[in-house]
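Protein chains in written order, with my numbering: chain A, 33 to 444; chain B, 33 to 444.
Just so you know, these hints were derived from the structure itself, not from any lab. Quick caveat, the model's predicted, so the values are computed rather than measured. Treat the hints loosely; a few may be bogus.
[Stated by the list, open to error] To be clear about the criterion: a stretch of chain B counts as covered by chain A if any three or more of its residues have a C-beta under 8 Å from a C-beta of chain A, and this derived list gives those stretches:
hint: 1; region: 153–167
hint: 2; region: 265–276
hint: 3; region: 387–400
[Stated by the list, open to error] To give a feel for the contact side, a few chain B residues facing chain A, derived at Cβ under 7 Å:
hint: 4; residue: Tyr87
hint: 5; residue: Ile143
hint: 6; residue: Val145
hint: 7; residue: Pro146
hint: 8; residue: Gln249
hint: 9; residue: Pro292
hint: 10; residue: Asp293
hint: 11; residue: Ser347
hint: 12; residue: Ser351
hint: 13; residue: Phe354
hint: 14; residue: Ala365
hint: 15; residue: Arg369
hint: 16; residue: Tyr433
hint: 17; residue: Ala440
hint: 18; residue: Ala441
We treat Cβ as the ideally placed atom computed from N, Cα and C, and that holds for glycine.
Chain by chain, the residues:
Protein chains: 2
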Amino acid sequence: MGQGVKSSYTVMPEGSITTPKGFKAGGLHCGLKKTTRHDLGAIVCEVPATAAGVYTMNVFQAAPIKVTKESIQAGGLLRAVIVNSGNANACTGKQGEADAYEMRGKFADAIGVPAEQVAVASTGVIGELLKMDRVLGGIEELPARLAATYEAGDDFCQAILTTDLTKKEVCVSVIIDGKEVHIAGASKGSGMIHPNMATMLGFVTTDAAIGGEALQQLLRQVTDLTFNMITVDGDTSTNDMLVAMASGLAGNSELTQAHPDWAAFADALRYVCEVLAKAIARDGEGATKLVEVQVRGAVSDDSAQAIAKTVIGSSLVKSAVFGADANWGRIIAAVGRAGQPVNPETVDIRLGDIVTLEQSRPVGFDEDAALEYLKGDTVVIHVDLHGGDGTATAWGCDLTYDYVRINAAYRT
Amino acid sequence: MGQGVKSSYTVMPEGSITTPKGFKAGGLHCGLKKTTRHDLGAIVCEVPATAAGVYTMNVFQAAPIKVTKESIQAGGLLRAVIVNSGNANACTGKQGEADAYEMRGKFADAIGVPAEQVAVASTGVIGELLKMDRVLGGIEELPARLAATYEAGDDFCQAILTTDLTKKEVCVSVIIDGKEVHIAGASKGSGMIHPNMATMLGFVTTDAAIGGEALQQLLRQVTDLTFNMITVDGDTSTNDMLVAMASGLAGNSELTQAHPDWAAFADALRYVCEVLAKAIARDGEGATKLVEVQVRGAVSDDSAQAIAKTVIGSSLVKSAVFGADANWGRIIAAVGRAGQPVNPETVDIRLGDIVTLEQSRPVGFDEDAALEYLKGDTVVIHVDLHGGDGTATAWGCDLTYDYVRINAAYRT
């Protein structure tokens, strides 16, 4: 998917999740965060949008995951998603469930839609009950803040952040049936990031007309190539959730795999999710740079994915990148422990354009040039196994003092 | 193994790898390390010892692994093992192999034994050729340094260290057939530690009489409960190797599983390997404390092991322990992503004696007491799943600023 398809989408630098027709958004500070940063936000669609979701595979799933699954399964349609940060509402038992249902019901009432057409998401600390008086106060105020403007989209993007330093959003347009279709997204990181079937919080809006089942299948496929290919710290959250909503207001004929523009739409959605996923990796806790691992020559794409994720997840590789140390020995050690078929005699490794290993033998390279390259804000590690046609790309970040600092005292 | 057996071994605080009858050891500085610390060592047995080895499962296996496998397979007997630190002789191609064979041959000549009765081990930086002139110079000097004293054993223990801060050794005695049998061990860590079928370097000497096959099987079983249950950073080395040598000089009748004292011997060997494994975890790169994870109530021991290793390997759990933050939410998130059957409603978590979660519900606890406990030099995390009889224990360490510092500039 996306491979070999000429990109037909256009990036809209001023676009946001409110650009697709039919969507408003907003955000505000209701009092869950200790600072005055936004901590409650919503996206609302003026018509029932076909919806799809992918969720964490963690055995311990937070209360909002249960509520959102129920909403999307009820009729496959969503009018809104309500999100809080500062508290994950995870491991909070029956009270946590009741709180998530109350968030859904109260926000549905506030905007005049059925409760089962509202999704709920939460992110933040695990194991503490939501301060529901603050949440409900925020829900009363929120409808008046909703707008289809860039600023309102920005408020939403801010409201879903926790330890993230930057908001994460993207918008593209793509021509379907000669109509301009928009796809936009917002997401947040930035710790407990090793998505397994989903990521932390991600939201995609589009005005494309597309059936719920087709959207669900496509979202799953795209997730496997994007959000499921990033890691910050190897930990999978209890609250991972990616929700897509399609208003259908662009006026195209319904997208299915048989539609002549299916590939263009799929490629545009993949781009949106890839931008959001890479933004999460680059803004990983404590990170100073984005690291990309490109594997080729594996026996299969699945095998390449496993190897790419092992390399990108290695604490030793991540520390070496932080220190701008061209320590390819750690890269090959990670390749070799991925549990995949690898010929130990035929591996090439490049850091950007700098060849360090060819056919598994060290190549003399310019250490100063390597240092300069590794000091940049993006580092690409190329691994060619010369063992087949499998390829994969994974994204992550470096391991830094700040990662330890942030996580040594997260609750306090 | 060891479960339900009353311990019949006695720890010998002044014992070392030279305590079992028939063994000498020694170490010196030959010039591979930039400091003047020892970097070449050997253990020599006065008779051909039955031998067993377990090795890294990393696809990229260093040259000495190949040579040692060949030696042990040749006749199952070893007279000596020669070890260098400061250079792993990994990813060094044909020249690296030739160098490992030359180390073996030259040391065999120097002590007058057949080359195929010598094992070789190396540890240090990957991808650089050994400075063989220095190694060979050291091999000439080494025989004169070999002795059966505690000090000579200490020289060996020092010679195998890399970033380790402390040497790791242990010695026990156990009565077999009314005879005093000794088992001793030495090991080194302290990064790239996530053993998969073996560990970094470990050496066990014993004067027990035991056949090669029985020793190999037992060593494998014990490794799975000890060295394979530690992690420092999730990375598996190219040089992991554990070698055991049994001189048979204690005079017991040959140990087999049918021997009445088999369980006592097995338990003593398990203890030796557990002490060495825990010492590696406690001295993990940058570590300030030993972390132990005890899992019970899993559906099987294998399942408990997988969960224990996931918790001990979580960067978020490790950072929280460093910060003395009783963040049990990260522990349960790790339990939930281990890919094992877990009932999300029945989990208890304790930090030492401090209950933080009962039946998956938060329990109010004394934060000051928790802080005090987590500031100690050993932290035990208890997880009870209430889902079966499976138990496991894993060991690791905290994730600290110093881990990042050490690994941001290892080569330079």
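Hints, verified against the model:
no.	hint	result
1	153–167	holds (count 4)
2	265–276	holds (count 6)
3	387–400	holds (count 4)
4	Tyr87	13 Å, violated
5	Ile143	32 Å, violated
6	Val145	31 Å, violated
7	Pro146	29 Å, violated
8	Gln249	24 Å, violated
9	Pro292	41 Å, violated
10	Asp293	38 Å, violated
11	Ser347	4 Å, holds
12	Ser351	3 Å, holds
13	Phe354	5 Å, holds
14	Ala365	5 Å, holds
15	Arg369	4 Å, holds
16	Tyr433	5 Å, holds
17	Ala440	3 Å, holds
18	Ala441	5 Å, holds
Going through the hint list in order, the structure does not satisfy hints 4, 5, 6, 7, 8, 9, 10.
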